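A.B. asks: Letter by letter, the chains look like this.
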Amino acid sequence: MKILVAVKRVIDYNVKVRVKADQSDVDLSNVKMALNPFCEIAVEEAVRLKEKGVAEEVVVVSIGPKACQEQIRTALALGADRGIHVESDVAPDSLAVAKILNKIVAEEAPQLVILGKQSIDSDNNQTGQMLAALADMPQGTFASEVVVDGDKVQVTREVDGGLQTVELTLPAIVTTDLRLNEPRYASLPNIMKAKRKPLGVKTPDELGVSIDSKVSVLKVEAPAERSAGVKVADIAELVEKLKNEAKVL
Amino acid sequence: MSILVVAEHDNKALNPATLKTLTAAQAMGDDIHVLVAGEGCADVAAEAAKAAGVAKVIHADNAAYGHHLAENLSALVLSIAKNYSHIVAPATTTGKNFMPRVAVLLDVAQISDIIAVESADTFRRPIYAGNAIATVQCAEAIKVITVRATAFDAVSAEGGSAEIETLDDVFASDKVSFVGEQVAASERPDLSAARVVISGGRGMQNGENFVLLEKVADKLGAAIGASRAAVDAGFVPNDMQVGQTGKIVAPELYIAVGISGAIQHLAGMKDSKVIVAINKDEEAPIFQVADYGLVADLFDALPELESALS
Numbered sequence: 001m002k003i004l005v006a007v008k009r010v011i012d013y014n015v016k017v018r019v020k021a022d023q024s025d026v027d028l029s030n031v032k033m034a035l036n037p038f039c040e041i042a043v044e045e046a047v048r049l050k051e052k053g054v055a056e057e058v059v060v061v062s063i064g065p066k067a068c069q070e071q072i073r074t075a076l077a078l079g080a081d082r083g084i085h086v087e088s089d090v091a092p093d094s095l096a097v098a099k100i101l102n103k104i105v106a107e108e109a110p111q112l113v114i115l116g117k118q119s120i121d122s123d124n125n126q127t128g129q130m131l132a133a134l135a136d137m138p139q140g141t142f143a144s145e146v147v148v149d150g151d152k153v154q155v156t157r158e159v160d161g162g163l164q165t166v167e168l169t170l171p172a173i174v175t176t177d178l179r180l181n182e183p184r185y186a187s188l189p190n191i192m193k194a195k196r197k198p199l200g201v202k203t204p205d206e207l208g209v210s211i212d213s214k215v216s217v218l219k220v221e222a223p224a225e226r227s228a229g230v231k232v233a234d235i236a237e238l239v240e241k242l243k244n245e246a247k248v249l
Numbered sequence: 001m002s003i004l005v006v007a008e009h010d011n012k013a014l015n016p017a018t019l020k021t022l023t024a025a026q027a028m029g030d031d032i033h034v035l036v037a038g039e040g041c042a043d044v045a046a047e048a049a050k051a052a053g054v055a056k057v058i059h060a061d062n063a064a065y066g067h068h069l070a071e072n073l074s075a076l077v078l079s080i081a082k083n084y085s086h087i088v089a090p091a092t093t094t095g096k097n098f099m100p101r102v103a104v105l106l107d108v109a110q111i112s113d114i115i116a117v118e119s120a121d122t123f124r125r126p127i128y129a130g131n132a133i134a135t136v137q138c139a140e141a142i143k144v145i146t147v148r149a150t151a152f153d154a155v156s157a158e159g160g161s162a163e164i165e166t167l168d169d170v171f172a173s174d175k176v177s178f179v180g181e182q183v184a185a186s187e188r189p190d191l192s193a194a195r196v197v198i199s200g201g202r203g204m205q206n207g208e209n210f211v212l213l214e215k216v217a218d219k220l221g222a223a224i225g226a227s228r229a230a231v232d233a234g235f236v237p238n239d240m241q242v243g244q245t246g247k248i249v250a251p252e253l254y255i256a257v258g259i260s261g262a263i264q265h266l267a268g269m270k271d272s273k274v275i276v277a278i279n280k281d282e283e284a285p286i287f288q289v290a291d292y293g294l295v296a297d298l299f300d301a302l303p304e305l306e307s308a309l310s
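Same order as they appear, the protein sequences are chains S and F.
All residue numbers for the first sequence refer to this note's numbering, where the first residue is 1 and numbers rise by one.
All residue numbers for the second sequence refer to this note's numbering, where the first residue is 1 and numbers rise by one.
Simulated from the structure, these hints should not be mistaken for lab results.
Partial list, computed: chain S residues near chain F (C-beta under 7 Å):
hint: 1; residue: Asn-125
hint: 2; residue: Leu-218
hint: 3; residue: Lys-241
Calculated cross-link-like contacts (lysine to aspartate or glutamate; reagent style DMTMM-like; alpha-carbon spacing at most 20 Å):
hint: 4; chain 1: S; residue 1: Lys-231; chain 2: F; residue 2: Glu-304
hint: 5; chain 1: S; residue 1: Lys-247; chain 2: F; residue 2: Asp-218
hint: 6; chain 1: F; residue 1: Lys-215; chain 2: S; residue 2: Asp-234
hint: 7; chain 1: S; residue 1: Lys-219; chain 2: F; residue 2: Glu-118
hint: 8; chain 1: S; residue 1: Lys-231; chain 2: F; residue 2: Asp-281
hint: 9; chain 1: S; residue 1: Lys-214; chain 2: F; residue 2: Asp-107
hint: 10; chain 1: S; residue 1: Lys-243; chain 2: F; residue 2: Glu-306
hint: 11; chain 1: S; residue 1: Lys-214; chain 2: F; residue 2: Glu-118
hint: 12; chain 1: S; residue 1: Lys-231; chain 2: F; residue 2: Glu-283
hint: 13; chain 1: S; residue 1: Lys-219; chain 2: F; residue 2: Glu-140
hint: 14; chain 1: S; residue 1: Lys-66; chain 2: S; residue 2: Asp-89
hint: 15; chain 1: S; residue 1: Lys-16; chain 2: F; residue 2: Glu-283
hint: 16; chain 1: S; residue 1: Lys-231; chain 2: F; residue 2: Asp-297
hint: 17; chain 1: S; residue 1: Lys-241; chain 2: F; residue 2: Glu-306
hint: 18; chain 1: F; residue 1: Lys-280; chain 2: S; residue 2: Glu-237
hint: 19; chain 1: F; residue 1: Lys-219; chain 2: S; residue 2: Glu-237
hint: 20; chain 1: F; residue 1: Lys-219; chain 2: F; residue 2: Glu-304
hint: 21; chain 1: S; residue 1: Lys-214; chain 2: F; residue 2: Asp-121
hint: 22; chain 1: S; residue 1: Lys-103; chain 2: S; residue 2: Asp-205
hint: 23; chain 1: F; residue 1: Lys-270; chain 2: S; residue 2: Glu-225
hint: 24; chain 1: S; residue 1: Lys-152; chain 2: F; residue 2: Glu-181
hint: 25; chain 1: S; residue 1: Lys-243; chain 2: F; residue 2: Asp-218
hint: 26; chain 1: F; residue 1: Lys-175; chain 2: S; residue 2: Asp-149
hint: 27; chain 1: S; residue 1: Lys-231; chain 2: F; residue 2: Asp-300
hint: 28; chain 1: F; residue 1: Lys-270; chain 2: S; residue 2: Glu-221
hint: 29; chain 1: S; residue 1: Lys-214; chain 2: F; residue 2: Glu-140
hint: 30; chain 1: F; residue 1: Lys-273; chain 2: S; residue 2: Glu-245
hint: 31; chain 1: S; residue 1: Lys-197; chain 2: S; residue 2: Glu-57
hint: 32; chain 1: F; residue 1: Lys-175; chain 2: S; residue 2: Glu-145
hint: 33; chain 1: S; residue 1: Lys-103; chain 2: F; residue 2: Asp-107
hint: 34; chain 1: S; residue 1: Lys-219; chain 2: F; residue 2: Asp-121
hint: 35; chain 1: F; residue 1: Lys-219; chain 2: S; residue 2: Asp-234
hint: 36; chain 1: S; residue 1: Lys-241; chain 2: F; residue 2: Glu-252
hint: 37; chain 1: S; residue 1: Lys-247; chain 2: F; residue 2: Glu-252
Predicted model, so just to flag it, every value in this text is computed and none were measured.
By construction, the Cβ of each residue, glycine as well, lies at the ideal position given by its N, Cα and C atoms.
Make a model of the complete structure from these sequences and hints.
C.D. replies: Shown next, in the form of structure tokens:
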């Protein structure tokens, strides 16, 4: 089968974000960017399915400015076969991203689409579900285990109360949670090889998708800072403070 | 126009997150309807009808909705969506699962995880793991919104007397089926709703040592949480994870034990009223957000805390 993986270029998860002085957005100039961690897990899962012989081809798609080809190359270095870049200098909202991905799904006809459950910048957790509804495919979100069996896939999902397992008829959509797998590191030879793997470029216009959004960001602020409190010497002092000062015991 | 709140429940009782979501909904408008979709959930519908400020409860009872499968639940919500200006659900794993489907099938953007309602079309939401707060305005005709329940107080569970209307339409996808679930049975309060939470991190060293936290939790009536490091290491199950991608908690008292304080963990607990950190590394970032910090070996401190609370 063919697996399509959607990936996003985001701020590196170790970077402390700062809000711009004019409150228009967070400041991303000269900030280290990386593959969204959940997307990395999605690529890893697809590559493992290929290594197991379940999949024949892994196609990676990313939407964003030219720079996001770096993240597509990263995914290719991790073992994906081919990249598709949908170039857009404006960051589309999840709705537009889902519509673009739906067009790619129609062109590529994958049996399985794997996405990260959320990106760590906008923290929306929407795209996979939206794509599933648009493409009329069943969804297994927040996956911690994916088992393909014939024309079905069993997905174990991390839910608030514990774990839930659902069975989906392929083609289907899976979104990854943290514990699905531990992504590998790309080896130097694979990084070199990735540079020669095919990467096609499209635009939202060519795909017939408008990226206008009806949601506008009025301002972006830093959250109220918590200041460090006091150090207590021992448990006795801690309990005394919690009882008499904080009054929470 | 009216506002539809989709209730979160386990077919037996209303999840407290629903009452908090109702507070957020009341800030958007007046005529509030609650959809209770499930299997054998008449008690939940009756409970929702008693919640303060609810004008109508819509009760859809069918096996198709028993496990809150997103495909079926979203189709049901979509079938009545046109009657509403806002469709609102708590940002639980259920809400996160089905709501984006509702939004896209209405061809509208969704606003996720709001923490404040500025007006009927303007909301505040955390981005970048809570390191920035965005104020967003939504011009869609129908606003599809998930609510971070911990950011809102609950409406009173009593005092309302809404009419209950039955909705018999059944939407059952043949492409998905429920196979099974592993639900953590616990006598302790729910992590997302507990007054006190005590969490352990990598410093706990293994799952057996969580019994030290349990003993303190017993004294405090606390829920037990964990950092991602502790869950990834296999000490405890995933449903205990507090953080950006786990559960968001905001209890009156949060005690972090053996947790260094990565930003992804802080994102899940920094709105707690009082934060206590116990860690043997005095440089641990958790101390920068703690009201009370104790630099100590947790294997000494936890038994001492337990006996001090006796």
